[in-house]
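Undergrad: Residues per chain are reported as follows:
There are 2 protein chains.
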Amino acid sequence: MPDAFFRLEAVSGRARAGRLTTDHGVALTPLFMAVGTQGTVKGVTPDQLARAGITVVLGNTYHLMLRPGADTVQALGGLHAMTRWNGPMLTDSGGFQVFSLGELNQVSEEGCTFKNHLDGRDELLTPERSMQVQHKLGADVVMQLDDVPALPATRERTADTMRRSLRWLDRCVAALPARSAQGRRQHLFGIVQGGLDMDLRAESARELVARDLPGYAIGGLSVGETKEQMNTVLDVVTPLLPAEKPRYLMGVGFPEDMLAAIGMGIDMFDCVLPTRCARHSLVFTSRGRLRMKNAAHSADSAPLDPDCSCYTCANFSRGYLRHLIMAGEMLGMTLLTIHNLHFYAGLMAQARQAVLEDRYDGFARDMTARVTAKAP
Amino acid sequence: MPDAFFRLEAVSGRARAGRLTTDHGVALTPLFMAVGTQGTVKGVTPDQLARAGITVVLGNTYHLMLRPGADTVQALGGLHAMTRWNGPMLTDSGGFQVFSLGELNQVSEEGCTFKNHLDGRDELLTPERSMQVQHKLGADVVMQLDDVPALPATRERTADTMRRSLRWLDRCVAALPARSAQGRRQHLFGIVQGGLDMDLRAESARELVARDLPGYAIGGLSVGETKEQMNTVLDVVTPLLPAEKPRYLMGVGFPEDMLAAIGMGIDMFDCVLPTRCARHSLVFTSRGRLRMKNAAHSADSAPLDPDCSCYTCANFSRGYLRHLIMAGEMLGMTLLTIHNLHFYAGLMAQARQAVLEDRYDGFARDMTARVTAKAP
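Which chain is which? The protein sequence lines are F and C, in order. The first sequence begins at 11 in my numbering and counts up one residue at a time. The second sequence begins at 11 in my numbering and counts up one residue at a time.
Just chain F, with the same shape it has in the complex:
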């Protein structure tokens, strides 16, 4: 019998340490997933990713279904074989990018009609199409298609879209084949919606839990609400979710936000921040953030972070990295990306260790102060 998909190993307060077991290997939680939108985490090889400590990569269904197309990915062996990422992967539903990137025409009970951002063709994304595409991509975790209201939204609109998301979830469950096109297990996560209305959030969570899914995500956050509002949602939702299933907070975020969310029982994160910030020369360190375009770094022979053991910090000075950035050299973006991902992965590993040693709250307090400090 294969290992359970998720195993809870320890708790510290509400913070959790666990283990995901997939057909592409194990990943320890809490974990941060690197975002590999178009079949690559921008600027780094899969080897560099793994050496940075990343264990799970997220692919974007919207981008991949448009280019190179799900059939091409399937012809190239699926997302794992094509990209040579041999560890666990997750794909989103495509819905979020339809709302944020495509020219959205209409959302009906059937699905979302949109013009794709590459060539303007009309496309229809339904729960069934999302599952079909994710089946061909072959990630280990697949996400339901959900309906998200444009903000600000009335309570009625928030309730309507939340309930439509539940109906779409049922269509996803019905449409997802037993195995990926590559013959591997795929675990479907539902997504808790309901905006900032706690009754709706609770209703969404209870309905999802009643469906006994492999995991639960919390969506619709990190879209402009305050940190207090986000924490209130987590405070309401996570106690409603079963302890023995993983919880994934979508699109979050900053180190301090992840530390807070782990403290409220979240296990999984994804965000473009470490990679996008790296490409804009913003660096996360154990002593705060660094803007690498700052002239103060120009002849500095120190590494980005004296406490870091990543390839970048083991080899290169701030002065050289700043030079690469100022000269517009790709290698600068690659090296900062490696560092930021290593920092995120290391933060998760330290959080896990703190849970295992039942000292999470103290750890999170200290670490939050450090990562939000103004770097010298």
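Hints are computed from structural coordinates only; laboratory data are not their basis. Please note that a few of the clues may not be correct.
To be verified - Not close to chain F: a few residues of chain C, all C-beta gaps over 10 Å, as computed: (1) Arg29; (2) Arg77; (3) Asp81; (4) His127; (5) Arg221; (6) Glu266; (7) Ala309; (8) Arg332; (9) Glu339; (10) Met343; (11) Ala359; (12) Gln363; (13) Met377; (14) Thr378.
To be verified - Simulated coverage check for chain C against chain F, where a stretch passes if three residues somewhere in it have a Cβ under 8 Å from a Cβ of chain F: (15) 44-58; (16) 186-197; (17) 318-331.
To be verified - DEER-style ranges, computed between Cβ atoms: (18) Asp13/C - Arg369/F: 53 to 63 Å; (19) Arg375/C - Asp13/F: 35 to 45 Å; (20) Gly79/C - Arg299/F: 51 to 61 Å.
We treat Cβ as the ideally placed atom computed from N, Cα and C, and that holds for glycine.
Given the structure of chain F, go ahead and fit chain C onto it with the hints provided.
TA: Coordinates of chain C only, in the frame set by chain F:
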């Protein structure tokens, strides 16, 4: 006593196999130097470079003296320490870029006045300044500043600039300190000039040889002349150069041109082709060239070159690489760069082996047919 800088190990016809021994290690010839203009070979880490089989990296004095500046490079430990390329390096004089990139105002006996391409400041590049900058950068091989006529040039103009280049060489010899700023040996190469006038080329070569330099370069080629003209120059010049010194053909080139030049006694090459072509999705293989934007590759699960063992060919399909390129992903450029450099380094290693086994001419004939074939 340290090993001689250059040791000739074998010949096959006029083709040569040798060994450069520097304070940063040994490099076997014939060899191809990867161009690292601004302190990085574009898009690849020093680890990736070494694994591609590259043994010597070239840095551009013009770019580095303007940004980050020779003093900054020195403060960061010199070019080797700053870039973490621990093998041999060569820097050019800066002159070629003054002619090709800067807004050249005037060449006088003193040096070249130009506006730098970054901020428009007036700059003066003299033989002494070139040596001072290269002393601070700290490469193992440094190049004399030479004067190159704008083309087409009269015989008189070609003769004047060639003879000025000899006078500048003498100033370079006088100006270069005994050791680099990092305390390492630096080997100064003179440059044979004289355009397409064989008498002037011969005069230039004889004058350089009379100065008993560590090595000799052949400059002013690959600037629009025919392959026959280039070969005629090599045919005249290389027999005038001492067997026990290395010969470097600057700025060449295509695989077939390097094969021909090795056959006429050249040991060293540099060229932006493998790296620049990679960034424009043109790939060199043992079966000809591939244009990776071609739609024929879109679902092709074969590697770029079935005979290649590089990281890219060992892991990734043509279909995936084409996707990365079409999607504008940096990783595509990085992976094609790794492949092209590996191909160039492998070509040199095979040429060396053919010399050691005294079968160079047959090897070069067969290989030239293969690399210039129209790829399927």
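Undergrad: Now tell me, hint by hint, if it's right for this structure.
TA: Hint check results:
1. Arg29: 28 Å, holds
2. Arg77: 6 Å, violated
3. Asp81: At about 8 Å from chain F, Asp81/C fails to clear the 10 Å cut-off, so the statement is violated.
4. His127: 12 Å, holds
5. Arg221: 35 Å, holds
6. Glu266: Since the minimum Cβ distance to chain F is about 29 Å, Glu266/C lies beyond 10 Å and the statement holds.
7. Ala309: Answer for Ala309/C: violated, closest chain F Cβ roughly 4 Å.
8. Arg332: 8 Å, violated
9. Glu339: 5 Å, violated
10. Met343: Violated, because the least Cβ-Cβ distance between Met343/C and chain F comes to about 7 Å, which does not exceed 10 Å.
11. Ala359: Answer for Ala359/C: holds, closest chain F Cβ roughly 23 Å.
12. Gln363: 29 Å, holds
13. Met377: 29 Å, holds
14. Thr378: 32 Å, holds
15. 44-58: holds (count 9)
16. 186-197: Three-residue rule not met by the stretch 186-197 of chain C, so violated; n is 0.
17. 318-331: Our answer is that it holds, as 6 residues pass the Cβ test (under 8 Å) against chain F, meeting three.
18. Asp13/C - Arg369/F: 53 to 63 Å: Cβ of Asp13/C to Cβ of Arg369/F: about 58 Å, so the range 53 to 63 Å holds.
19. Arg375/C - Asp13/F: 35 to 45 Å: 60 Å, violated
20. Gly79/C - Arg299/F: 51 to 61 Å: Because 27 Å falls outside the window, the suggested range is violated.
Against the hints set out earlier in the document, violations occur for numbers 2, 3, 7, 8, 9, 10, 16, 19, 20.
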